[in-house]
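Novice: This is what each chain is made of:
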Amino acid sequence: MCRTDGNGKSGGSPPDSQPGDEQAMFSALLEDSAEDLYEHAPCGYLSTTLDGRIAKINRTLLDWLGYESSDLVGRRDFSDLLTVGGRLYHETHFGPLLRMQGTISGIALELKTADGDRLPVLVTSIIRTGSDGQPLLIRTTVFDARDRRTYEAELLRARQESDRERERLKRLNATLQKTLLPPTLVDVPGLDVAAYYHVASADEVGGDFYDLFPLASGTWGFFLGDVCGKGAAAAAVTSLARYTLRAAAVYDPDPAAVLANLNTVLNHEYNGQDPRFCTVIFGLLTPDGDEGGFQVTLASGGHPPALLMRSDGHADYLPTPGGQLIGVLPDADIATTSVRLDPGDTLFLHTDGLTEAHSVGADGRYGDEALLEFAQELAPTTARDTVAAIRDLLDTFGTGVDDDTAVLAFNVPRHSSEEQM
Amino acid sequence: MDVRSRNHVRVTGRTGGPIVMLAHGFGCDQNMWRLVVPLLEPDFTVVLFDHVGAGNSDLASWSERRYSTVDGYAEDVLEICHELALGPVTFVGHSVSAMMGVVAATQEPGAFSGLLLLAPSPCFIDDPVSGYRGGFSAADIEELLESLDSNYLGWSRAMAPVITGNPERPELGEELTNSFCRTDPDIARVFARVTFLSDNRESLAHVRVPTLVAQCSRDAIAPPEVGAFVQARIPGSSLITLNATGHCPQLAAPEETAAAIAAFAGAGL
Chain W
1 MCRTDGNGKS GGSPPDSQPG DEQAMFSALL EDSAEDLYEH APCGYLSTTL DGRIAKINRT
61 LLDWLGYESS DLVGRRDFSD LLTVGGRLYH ETHFGPLLRM QGTISGIALE LKTADGDRLP
121 VLVTSIIRTG SDGQPLLIRT TVFDARDRRT YEAELLRARQ ESDRERERLK RLNATLQKTL
181 LPPTLVDVPG LDVAAYYHVA SADEVGGDFY DLFPLASGTW GFFLGDVCGK GAAAAAVTSL
241 ARYTLRAAAV YDPDPAAVLA NLNTVLNHEY NGQDPRFCTV IFGLLTPDGD EGGFQVTLAS
301 GGHPPALLMR SDGHADYLPT PGGQLIGVLP DADIATTSVR LDPGDTLFLH TDGLTEAHSV
361 GADGRYGDEA LLEFAQELAP TTARDTVAAI RDLLDTFGTG VDDDTAVLAF NVPRHSSEEQ
421 M
Chain H
1 MDVRSRNHVR VTGRTGGPIV MLAHGFGCDQ NMWRLVVPLL EPDFTVVLFD HVGAGNSDLA
61 SWSERRYSTV DGYAEDVLEI CHELALGPVT FVGHSVSAMM GVVAATQEPG AFSGLLLLAP
121 SPCFIDDPVS GYRGGFSAAD IEELLESLDS NYLGWSRAMA PVITGNPERP ELGEELTNSF
181 CRTDPDIARV FARVTFLSDN RESLAHVRVP TLVAQCSRDA IAPPEVGAFV QARIPGSSLI
241 TLNATGHCPQ LAAPEETAAA IAAFAGAGL
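Protein chains in written order, with our numbering: chain W, 1 to 421; chain H, 1 to 269.
Think of the hints as simulated: they come from the structure by calculation, not from any bench. Wrong hints could be hidden among the right ones.
[Stated by the list, open to error] Covered by chain H, per the in silico footprint, the following chain W stretches (three or more residues, Cβ under 8 angstroms):
no., segment
1, 47-60
2, 80-88
3, 93-106
Bear in mind the structure is a predicted one, so any value in this text is a computation, not a measurement. A virtual CB, placed ideally from N, CA and C, is assigned to each residue, including glycine.
Isolated chain W, as found in the complex (with noise of 0.2 angstroms):
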């Protein structure tokens, strides 16, 4: 600190001394010390020209730089102490702020020592007016700021390094999300496929997953889930059920055995510590009809029910009550519905991360309610529209989709005369 002149006045005298002579010892001390104070003080002084020409220097910075003041007083400038980035600071910066506020403070610098060395320092300087309001002159105090410099090193380093772990850390779970999810979607012979995952969180994987993939001649399996959850052991709880499903239904593809395998499974892997549930829909898909056309028949663990958009426009939830958390009980109840899918209609499933974000609907919440009348809008559609549009809507909650959302959709294609109507 360069104020030391209140701490005498404040201190009192020892008990035990003349308390008369102490005080006029400290008067003195202090009343002869105005030039020694500035002279000496623990920080330099610095006043300058407003064009920045050095016309007055205490000699705590004398010091600090090697010089003598006839080196520098009406001789340099203050920028002339700079180094060369630091010049260049002063005039872009320091200088333009400096003008406009009247004072600035805490600027790191460089002063360049009259033998080549640097001196960090940390400036402040404040402009004096006269008592019309024109500014005079510049008084600039400079604190000797090697320590703290080489913290702040350490500081920006530090910063620099979780920066770049960031990165890598985002880099990676990219990576593993990529590996839970199909890299393509299986072409399906008259039908219209669309998926999409949206990733709330770089910094975490998400547990959702979905999969579509050939079974026994003409039927096609498919799946869209969410381990509760996220992050590493998430991921890994994901990895299994994605292939759990997926062998389960070779083994045996009626969509309510499937899911019993894949309780059966998780509740053996159930530790007692990391929860190992998820929410899920299985179905198979089977083409019905020489007019296009698909039969669906839907298991449903405790996962938000399906929506089915009707050529006509008409669209409703495909309800699938009771079914139960995957993963909890020994025994779960799996809950069972069939459709047919006909020409013009649109089966979307989607994760609760849609209508869990964050909205202006009921409790703060987008909710199921909303997501209805968006798909009444929305039908007669197809799933590379309802999908553009899913998207479109998530963008407009921005920041509150607070967790990864992944949606699948199914449309049996009208006929080409129909499209023509």
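We have chain W already, so just place chain H on it with the hints.
Specialist: Showing chain H alone in chain W's frame:
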């Protein structure tokens, strides 16, 4: 985002007067002109704006791709001219903005009735091959970038949010931020590169609008020989040397700077 909000465009002064567009340089925002504007307002329509990334511009409109060259900024200048549709303007570009004016004027001369290049430098780095002296070495510029980094870390009050790293508590940054010349550190770093690493010497010869080069006495950033170089390269241009010292005459000597602008911009009256 419309152009006016993107660049925080302000139009002030005398409606119908000759139009003067003031472009700030690296390190600050349109506040740089605050002492000059009142002197021009009685006679001129004055157009002020912040470069994207500076002041009250829309930071979300900034992209490294567009704003890592002078050309991106020059496009903004032309877009502002089109948006305001006031007719040809006298463009006053300070420091790096002088070169934005040069680039914009070569692309669309019709948008400008004149260019006033205030403390310009087409290239800060010396080019020993051609004998050009810009005043700095590449190492000097690297040192400036380090200076920016160390000041943005927080000892400068300008960049407190960086060190607190606390976007949930913006008041921490608000309290510590300078009221003028706010800049985002990442953007400032890119702008510093645009400013100090660009070489626009080639563009000068293509300028076809009346041009006045106004340089300062004792400018540590743009020395006299650089001003002379610019004047020699731009066909038909003139050069004046202001009494103002330093690199920012609009702050150091607002009256003299405003008088120079008024004399140049009002010349056709």
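Novice: Each hint should be assessed against the structure and marked as holding or not.
Specialist: Verification of the hints:
no.	hint	verdict
1	47-60	holds (count 3)
2	80-88	holds (count 6)
3	93-106	holds (count 10)
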